[in-house]
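> Below, each chain spelled out in residue letters.
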Amino acid sequence: MQKRVLGMMTALFVLLCIVAVGCAQKAPAPGGKEQGGKKSPLGVDVIKIGGQGALSGSHADYGRQMQMGATLAAEEINAAGGIMGAKIELKFMDEELKPPVAQKNARYLVKDWGANFLVGIDSSGSALALGPVLKELNTIQFFTHAGTEKLTEDLVYKQGIKQIFRMTVPVYQDAILPALVFKDMPELKRFAALNADYEYGHTSWKMFKETLSKYRPDVEFVAEANAPFGTTDFSAHISKLLAANPDVIFATPWAGEAVTMLRQAQAQGVFDKIKIWWQAMGGSVDVMEALSTDIQKDAFKGKLWGTARYLHNWPDTPENRAFVQAFLKRWARYPNYSAEASYSSVYALKAAIEKAGSIETDKVIKALEGMKIMTPAGERYIRPEDHQAVYTVPMGRAVWSSDYPIAIIGDLKVVPAENYYRKPPFN
Amino acid sequence: MLKGGVSLDFSTILYQGLVGLNLAMYLWLIAAGLTIAFGVLGVLNFAHGSLYMLGAYFAFSLYGAWKLNFWLAIFLAAALVGVVGLIMERFFFKYIYKLDEAYQLILTFGFVLVFSDVVKIAWGGVFTIPPLPDIFKGTVGILGRPFPVYNLFIISAGIIVAIVIWVLLERGWWGKMVRATASDREMASAMGINIATIFTSVFVFAAALAGLGGALSTPVRVVDPGVGTAVIIQAFVITVIGGLGNLKGAFVGALIVGLVSAYGILLFPGVELFLIYVIMALVLLIKPKGLLGG
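Those protein sequences? They're chains A and B, same order as listed. To convert, note that position 387 of the first sequence is 387 in the working numbering; the numbers rise steadily by one, no gaps. To convert, note that position 159 of the second sequence is 159 in the working numbering; the numbers rise steadily by one, no gaps.
Just so you know, nobody snuck in bad clues.
Here are the computed lysine-lysine pairs in the DSSO-like style, where the Cα-Cα straight-line distance is at most 30 Å:
1) B:K137 <-> A:K189
2) A:K275 <-> B:K137
3) B:K67 <-> A:K301
4) B:K67 <-> A:K329
5) B:K137 <-> A:K297
6) A:K413 <-> A:K209
7) B:K120 <-> A:K98
Calculated from the structure, these hints are not laboratory results.
Model the full assembly from the supplied sequences, consistent with the hints where possible.
Shown next, in the form of structure tokens:
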């Protein structure tokens, strides 16, 4: 009896393993796969782009959006004949927001799968850990979300890791932009922070404080609470901040955690007491989708402000309209910033390879440096000094508009990129 | 004044205690089922957190997507998770009671993976949250500060569940049989108690409790496929502090972890998570069977 049960258990376990592995492997590897007979002038039939982002847990939508954006670009390019005749092939992996996993994935993608280029990365912690690995692998990575300024300011500009390019605006967006807007609102005096408890949250709050106090010596930073990844209840953090009577709460937890936090803040009556809740990445599509009914019912009393690294409703250009339409048609979702940046990365890569006439890392780096390229988010200028794409993204308030099925960031405040991006030599 | 600039008056401290109590009640609902299943069945159910997650997803669909009445949705979600528990016990767990604990862990861990993939297929990998029911919008003034109605509801629900469990286990015929089975299976069996049925009913009850916890969390916490593994760790810590298999211990453990989290955030920012594990380590050193165990 004992033996039979044991045998059954072992069989079951093996079965479960197969199911788990099967599911993991099924996790898509989209993109064109057919092999052309004739070689492209680049010397390869296929250009392999390895991607990674958060594909599991509360932050999973960002990685999926990256995958959707990159896949759409690859499909469009492949349908139009590829890059100088070479087709794009994509493979996406889960970085799990863990730096060691991101390093392991990058090594696997380049060494085992044979990726020519890399794209993605959600977590700032993962991004910083990846820098030295990219140098060692001598492979270009387009970062399409991770926000820490240290990635471009320190790793590229100061340490010279030229394989790093960032297509999304860094924490200048989360921290300097709101400081420049809030400085002109004299009624805002007391600021408190609910930080995402890792590199991104801490560097944002520090940069915000530094920028704001330069213009407004009268403001006070009254309280601070930190919430690590995986926090499911923010009520203790929120009640701590409220005890200090802030005018503004500066919050950086993102994705599902932002939604949980804002719902709990709402339940706790926060929006009767404060003047502004700054939700740095509140304009993210997943957050707007989840909070649509709340915003429609004005549960935040018009006090929820936010931005993103791209807003699908801005700029009003033919490029952006075409992209949003194509994305909606392909995926039945609005594109988030990680999708737009990944889409634009693939196109920037195409332009660079065509300019260089090669897929060699050094030549493509040269071609990317100083490139100006029209993208859905507007014209991006890739600064040669720090490999940071410079483009403008507005901030505003979360509003309901009958033009869209989900809430959007409206009431937009547009500050030109050159006014809020830090510039080399970053002193 | 504290680091971070919060002035520390009496009402701030009391208020934070209430917030901690609210945290504790969610944890209690999860830990209660975990510890009951261990105490009676001897199974350490890793998938208990996944049952919490299923409860949340069921409640989301019933209330958020199909617009069912909130109370009915909560009840049905807990009941459905009970049914899932029934299937788990009848077709899987039943066969491993006699085996080494390692096999139980493997099986329950297998369920964690299966459930996580099942919800991805059924609900997608994206987090979801239904709207907050209108009856819970708003706050009540406590200690001169607004306290969420929903949190008061959670605190009461946790206490009511504690009383219900106590009455069921200590007062009723079912409780007598369960306790008899827990203390001596063979003797209970000899007295004519159908052990298999008792085991099934206990497991279903434990699963439904986890489902209830998950269902109650949906309006104020997003649910995603990773939430099961997030809560199970805390539930384990609680049962270890209180004593594995000890119900009162789980309640005390939940209170300790909830309050320490809330006060940790207020008084010792940066080490609040660390504090909980320090407490667990101390308990293990001084009373290896938990505060109320053995």
